[in-house]
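Protein chains: 2
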Amino acid sequence: MVATLIDLTEHCLSSKIIASGGMLTVKCDQVRLPNGNTSQREYVTHPGAVVVVPILSTGNVVLEKQFRYPLHQVFIELPAGKIDTGEEILMTGQRELFEETGYTASDWLKLGHQYPCIGYSNEVIHMYLALGLNAGGHQCDEDEHLEVFEASFTDCLGMIQNGQITDGKTIIALFMAEKYLALHPHVPHV
Amino acid sequence: MVATLIDLTEHCLSSKIIASGGMLTVKCDQVRLPNGNTSQREYVTHPGAVVVVPILSTGNVVLEKQFRYPLHQVFIELPAGKIDTGEEILMTGQRELFEETGYTASDWLKLGHQYPCIGYSNEVIHMYLALGLNAGGHQCDEDEHLEVFEASFTDCLGMIQNGQITDGKTIIALFMAEKYLALHPHVPHV
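Protein sequence lines, in the order shown, are assigned to chains A and B.
Taking our numbering, I'd label the letters of the first sequence as residues 60 to 249.
Taking our numbering, I'd label the letters of the second sequence as residues 60 to 249.
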């Protein structure tokens, strides 16, 4: 809760769904602004997501390459996915890590959460550090196409600096993990 | 351009607009997956945005508090806004900084760009460091309600760690600025 000097709250007057596809639901609400004027707010409703920073005993990070249709390009990303209805967020992290990379992890540390798109989406992304990894079978969905690879933590930070990693959720989770690892030097990373 | 071992490209078969409000345009495309199956991709089309890290000669960062309707809460954010049609991205940064905070800046340094929401939006956010600030008149739109305030760079990083700053674009731009400032210690910051 962020305190403010004046009331900045916008109040809902009415709400309707303007798009409801297989994946995205978009709402359009009429709102009353703090100055009494009315305006319109359109936004995507999202169940929330979890992103995982999986670090191997070698210190390498497990990453993926995935084609993202809205940008028509391949991105380097951390394992991540949407929260299923009723699912605990830690379970989402564990499920997505396994489904996308085949790894399970014995130690899970919460790194916080962030809102990627506050202007037009209610999505929240929870971030975890996953340690004590064990390789299992790759359980990727038939229609989910991705390439799993490894990079050192230093190389991950270098790829942010040189523009090879531009996915917002991946940048934030790696930076949050960097801060965590700086405070916890016993955790393996190189 | 991220190289991959196998072709991950999804090809557009058809595209239609499923929502077109005052602000958001949402498309739904039929696509051919790499394995030959067909699927559906829904996404928001966005003109792109610019976020600015304005640093005063005291080392303080200029920030804002703004109510964000999709999350029904006030966020601590850096000045930012959408690119107008045909506008140069540096102009967007200069315009938004002035409109939202009343400041102009003599020195603008590009910090890179990031994609906040690659799963369902084509938005790109360009990041600038703005130095050599001069206070002018606050030109905020009548219906744009926000509170401008200052915090030291150290306090900004602390607010990310303690969860007071959770806006994705603000977190990334502050971390990118931190990396830049570490490499350029002559730039004022405390």
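Quick caveat, the hints were computed from the structure, so don't treat them as lab data.
What you are looking at is a predicted structure, and each value in this text was computed from that prediction instead of being measured.
Backbone N, C-alpha and C define an ideal beta-carbon position, used for all residues, glycine too.
It is possible that part of the hints are untrue.
Simulated coverage check for chain B against chain A, where a stretch passes if three residues somewhere in it have a Cβ under 8 Å from a Cβ of chain A [to be verified]:
1. 64-74
2. 82-89
3. 92-102
4. 169-175
5. 222-233
With a straight-line cut-off of 30 Å between C-alpha atoms, the simulated DSBU-like cross-links for lysine-lysine are [what the hints assert, rightly or not]:
6. A/Lys75 - B/Lys169
7. A/Lys141 - A/Lys86
8. B/Lys75 - A/Lys124
9. A/Lys86 - A/Lys238
10. B/Lys169 - A/Lys86
11. A/Lys238 - B/Lys75
12. B/Lys124 - B/Lys169
13. A/Lys124 - B/Lys124
14. A/Lys169 - B/Lys75
15. A/Lys75 - B/Lys124
16. A/Lys169 - B/Lys124
17. A/Lys86 - B/Lys75
18. B/Lys169 - A/Lys124
19. B/Lys75 - B/Lys169
20. A/Lys141 - A/Lys238
21. B/Lys238 - A/Lys86
22. A/Lys141 - B/Lys75
23. B/Lys238 - A/Lys169
24. A/Lys75 - B/Lys238
25. A/Lys86 - B/Lys141
26. B/Lys124 - A/Lys141
27. B/Lys169 - A/Lys238
28. B/Lys238 - B/Lys141
29. B/Lys238 - A/Lys238
30. B/Lys141 - B/Lys124
31. A/Lys75 - A/Lys86
32. B/Lys75 - B/Lys141
Here are some chain B residues pointing at chain A (derived, C-beta under 10 Å) [what the hints assert, rightly or not]:
33. Gly118
34. Ile135
35. Glu136
36. Tyr179
37. Asn181
38. Asp214
39. Lys238
To see whether the hints hold, each was checked on the structure:
Counting residues of the stretch 64-74 of chain B whose beta carbon lies closer than 8 Å to any beta carbon of chain A gives 5, which reaches the threshold of three, so the coverage claim holds. Taking a C-beta to C-beta cut-off of 8 Å, the stretch 82-89 of chain B contributes 5 residues in contact with chain A, enough for the three needed, and the coverage statement holds. Counting residues of the stretch 92-102 of chain B whose CB lies closer than 8 Å to any CB of chain A gives 9, so the stated coverage by that chain holds, three being the minimum. Coverage of the stretch 169-175 of chain B by chain A holds [criterion: at least 3 residues with CB-CB distance below 8 Å; count 5].
Here the stretch 222-233 of chain B counts 8 residues with a CB under 8 Å from a CB of chain A, which clears the bar of 3, and the coverage holds. A threshold of 30 Å between alpha carbons decides the hint, and for A/Lys75 with B/Lys169 the separation of about 40 Å lies outside it, so the pair is violated. Annotation: proposed proximity of A/Lys141 to A/Lys86 holds, straight-line Cα distance about 19 Å (limit 30 Å). Proximity of B/Lys75 to A/Lys124 is assessed by CA-CA distance (about 27 Å); at most 30 Å being required, the pair is judged to hold.
Between A/Lys86 and A/Lys238, the direct Cα distance comes to roughly 37 Å. Violation of the 30 Å bound is thereby established for this hinted pair. With a CA separation close to 34 Å, the supplied pair B/Lys169 and A/Lys86 exceeds the 30 Å bound. A C-alpha spacing of about 43 Å is found between A/Lys238 and B/Lys75, which places the hinted pair above 30 Å, so the restraint is violated. This hinted pair checks out: B/Lys124 and B/Lys169 have alpha carbons roughly 24 Å apart, not beyond 30 Å.
Under the criterion of a C-alpha separation no larger than 30 Å, the hint pairing A/Lys124 with B/Lys124 is inconsistent with the structure, at around 36 Å. A distance of roughly 40 Å separates the Cα atoms of A/Lys169 and B/Lys75; the hinted pair therefore is violated under the 30 Å criterion. At most 30 Å may separate the alpha-carbon atoms for a hinted pair to count; A/Lys75 and B/Lys124 meet this at roughly 27 Å. For the given pair, A/Lys169 sits about 26 Å from B/Lys124 by alpha-carbon distance, which is consistent with the 30 Å threshold.
A C-alpha spacing of about 18 Å is found between A/Lys86 and B/Lys75, which places the hinted pair at or below 30 Å, so the restraint holds. Proximity of B/Lys169 to A/Lys124 is assessed by CA-CA distance (about 26 Å); at most 30 Å being required, the pair is judged to hold. Pair hint B/Lys75 plus B/Lys169 does not hold up; C-alpha atoms about 35 Å apart against a cutoff of 30 Å. Our distance criterion of 30 Å between C-alpha atoms is met by A/Lys141 and A/Lys238, whose separation comes to about 25 Å.
In summary, the hint linking B/Lys238 to A/Lys86 is not supported, as the alpha carbons are separated by about 38 Å, beyond the 30 Å threshold. Distance check on the hinted pair: A/Lys141 and B/Lys75 sit about 25 Å apart at the alpha-carbon level, within 30 Å; holds. A C-alpha spacing of about 24 Å is found between B/Lys238 and A/Lys169, which places the hinted pair at or below 30 Å, so the restraint holds. In summary, the hint linking A/Lys75 to B/Lys238 is not supported, as the alpha carbons are separated by about 43 Å, beyond the 30 Å threshold.
In summary, the hint linking A/Lys86 to B/Lys141 is supported, as the alpha carbons are separated by about 20 Å, within the 30 Å threshold. At most 30 Å may separate the alpha-carbon atoms for a hinted pair to count; B/Lys124 and A/Lys141 meet this at roughly 28 Å. Simply put, B/Lys169 and A/Lys238 have alpha-carbon atoms about 24 Å apart, close enough for the 30 Å limit, and the pair holds. The suggested pairing of B/Lys238 with B/Lys141 holds, with an alpha-carbon distance near 25 Å, which does not exceed 30 Å.
The suggested pairing of B/Lys238 with A/Lys238 holds, with an alpha-carbon distance near 12 Å, which does not exceed 30 Å. Distance hint between B/Lys141 and B/Lys124 is fulfilled; the C-alpha atoms sit about 18 Å from each other, no more than 30 Å. Our distance criterion of 30 Å between C-alpha atoms is met by A/Lys75 and A/Lys86, whose separation comes to about 6 Å. For the suggested pair B/Lys75 and B/Lys141, the alpha carbons sit about 24 Å apart, so the restraint of at most 30 Å is met.
Look at B/Gly118: its Cβ only gets to about 20 Å from chain A, farther than 10 Å, so that hint breaks. With 10 Å as the threshold, the beta carbon of B/Ile135 comes within range of chain A, its nearest partner Cβ sitting at about 6 Å, so the hint holds. Because the smallest distance between the Cβ of B/Glu136 and any Cβ of chain A comes to about 8 Å, under 10 Å, the interface hint for this residue holds. For B/Tyr179, the interface hint holds, the least distance from its beta-carbon to any beta-carbon of chain A being 6 Å, beneath 10 Å.
Look at B/Asn181: its Cβ gets to within about 4 Å of chain A, closer than 10 Å, so that hint holds up. Interface hint at B/Asp214: violated, since its Cβ lies 14 Å from the closest Cβ of chain A, which is beyond the 10 Å cut-off. Among the interface hints, the one on B/Lys238 holds; its C-beta lies about 7 Å from the nearest C-beta in chain A, closer than the 10 Å criterion.
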